[in-house]
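If you read the sequences in order, they're chains A and B.
Heads up, the first sequence is in the UniProt record's numbering, so the first residue is 1 and it goes up one at a time.
Heads up, the second sequence is in the UniProt record's numbering, so the first residue is 1 and it goes up one at a time.
Some hints here could point you the wrong way.
No copy is singled out in the list; a pair is fine if it fits within one copy or between any two copies.
Derived DMTMM-like pairs (lysine to aspartate or glutamate); straight-line CA-CA distance at most 25 Å [to be verified]:
no. : residue 1 : residue 2
1   : LYS41     : GLU139
2   : LYS41     : GLU24
3   : LYS41     : GLU150
4   : LYS41     : ASP132
5   : LYS41     : ASP66
6   : LYS41     : GLU147
7   : LYS41     : ASP96
8   : LYS41     : ASP64
In case anyone wonders, no lab produced these hints; they're calculated from the structure.
Number of protein chains: 2
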Amino acid sequence: MSPSTSATSTPVRRPGGRSARVQEAVHTALGRLMGETTRDKITLRQVAERAGVNPTSVYRRWGDIDTLMEEVAVAALTRDGDVIPDHGDLTADLNDWAGIIAEDITRPQRVRYLRAMVSARDLQVDNCPCMDIRQQQAELMINRAIERGEPAPTSQQVLDHVVSPLYHRVTFGLPVDRDYAVRLVSDVRAMASALTNAGRREH
Amino acid sequence: MSPSTSATSTPVRRPGGRSARVQEAVHTALGRLMGETTRDKITLRQVAERAGVNPTSVYRRWGDIDTLMEEVAVAALTRDGDVIPDHGDLTADLNDWAGIIAEDITRPQRVRYLRAMVSARDLQVDNCPCMDIRQQQAELMINRAIERGEPAPTSQQVLDHVVSPLYHRVTFGLPVDRDYAVRLVSDVRAMASALTNAGRREH
Numbered sequence: 001m002s003p004s005t006s007a008t009s010t011p012v013r014r015p016g017g018r019s020a021r022v023q024e025a026v027h028t029a030l031g032r033l034m035g036e037t038t039r040d041k042i043t044l045r046q047v048a049e050r051a052g053v054n055p056t057s058v059y060r061r062w063g064d065i066d067t068l069m070e071e072v073a074v075a076a077l078t079r080d081g082d083v084i085p086d087h088g089d090l091t092a093d094l095n096d097w098a099g100i101i102a103e104d105i106t107r108p109q110r111v112r113y114l115r116a117m118v119s120a121r122d123l124q125v126d127n128c129p130c131m132d133i134r135q136q137q138a139e140l141m142i143n144r145a146i147e148r149g150e151p152a153p154t155s156q157q158v159l160d161h162v163v164s165p166l167y168h169r170v171t172f173g174l175p176v177d178r179d180y181a182v183r184l185v186s187d188v189r190a191m192a193s194a195l196t197n198a199g200r201r202e203h
Numbered sequence: 001m002s003p004s005t006s007a008t009s010t011p012v013r014r015p016g017g018r019s020a021r022v023q024e025a026v027h028t029a030l031g032r033l034m035g036e037t038t039r040d041k042i043t044l045r046q047v048a049e050r051a052g053v054n055p056t057s058v059y060r061r062w063g064d065i066d067t068l069m070e071e072v073a074v075a076a077l078t079r080d081g082d083v084i085p086d087h088g089d090l091t092a093d094l095n096d097w098a099g100i101i102a103e104d105i106t107r108p109q110r111v112r113y114l115r116a117m118v119s120a121r122d123l124q125v126d127n128c129p130c131m132d133i134r135q136q137q138a139e140l141m142i143n144r145a146i147e148r149g150e151p152a153p154t155s156q157q158v159l160d161h162v163v164s165p166l167y168h169r170v171t172f173g174l175p176v177d178r179d180y181a182v183r184l185v186s187d188v189r190a191m192a193s194a195l196t197n198a199g200r201r202e203h
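With the hints as constraints, model all of the structure from the sequences given.
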């Protein structure tokens, strides 16, 4: 991907035609049901009925309510984060990006989805689609910075030290704002410059 | 508090006598109910009945189920973290401490409490008792390091960059182990040394 590209590909596949209409109706139905009742009272059959879609095709497509919940959470949590900042400076890019995430995930509807996602997780997973997308977005900004010769953290460090604290605070009900996001970015930048300096001393 | 003290005060007040017996019975009853059903199906009246305690006194003492849930979660999440490592070296202390947290919060019962805590949060809170205790523990190790003249992060940085990622991964069902905890500590140490070097350059 060219370093000047300022948008990643749409993270959740949105199929066209009838399939897209079914997906849209099912996502909307689940969203409404979640506003009315708690997550563990919602069944796939109920969602199908509310969406006016044949339950059999809903079962065939999603298998169980947790799979559907996860898909809706990913769609809701990443829809607005598709355009990746490109200011020609990693700090400015990360500040902008972390600020967008902070604003996005603190909206009441998003908080509800985040918590639903947490309560939908009974088993350990190997990866989390929503985090994977954040990591890809971070890589795009980091790769541009490396091409410009700027010291840069790894995308895993951005995930651990910027994205994780933001999500952790929101799920635990602690306050999150742009200032907090900018402070996390400043910490991860300090980390990157220390690692770069250590690398220089070794040469 | 003396720098050689190797244990903090017990974080959750455990009153004596009848009051202690009621608290213990109520905590145990809630723990058992949580193993049988989901959080939002549990009422304070049910907990009182299971504990064999007068519902009126349960209502008077805790007010609502969320307050009780929070108290039980804090007790469950911090009971084993009371002894703070003291190796005479901040990296060793933080590695040990973060490793204990990682092992503690990944136990199935703890994961259940963490998720229950998340789902019990409907509103934004200004602080989270469980995090406050972690911050006090971090401060103890950091203050000792500063007295020894070691570069040290702030306790807020330890909270944001070691504790938050651990809790975030566990609540989202992502794998957590001692190696991951040690990697987070190494990142926050790099951060601290960069800030110390920046401070030196300014003088």
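So, going through the hints one by one against the coordinates:
| no. | hint | result |
| --- | --- | --- |
| 1 | LYS41 - GLU139 | neither (38 Å within a copy, 43 Å between copies) |
| 2 | LYS41 - GLU24 | within (21 Å within a copy, 30 Å between copies) |
| 3 | LYS41 - GLU150 | neither (50 Å within a copy, 53 Å between copies) |
| 4 | LYS41 - ASP132 | neither (29 Å within a copy, 33 Å between copies) |
| 5 | LYS41 - ASP66 | both (12 Å within a copy, 19 Å between copies) |
| 6 | LYS41 - GLU147 | neither (50 Å within a copy, 54 Å between copies) |
| 7 | LYS41 - ASP96 | neither (38 Å within a copy, 41 Å between copies) |
| 8 | LYS41 - ASP64 | both (14 Å within a copy, 22 Å between copies) |
Taken one by one, the earlier hints fail for this structure at numbers 1, 3, 4, 6, 7, listed in ascending order.
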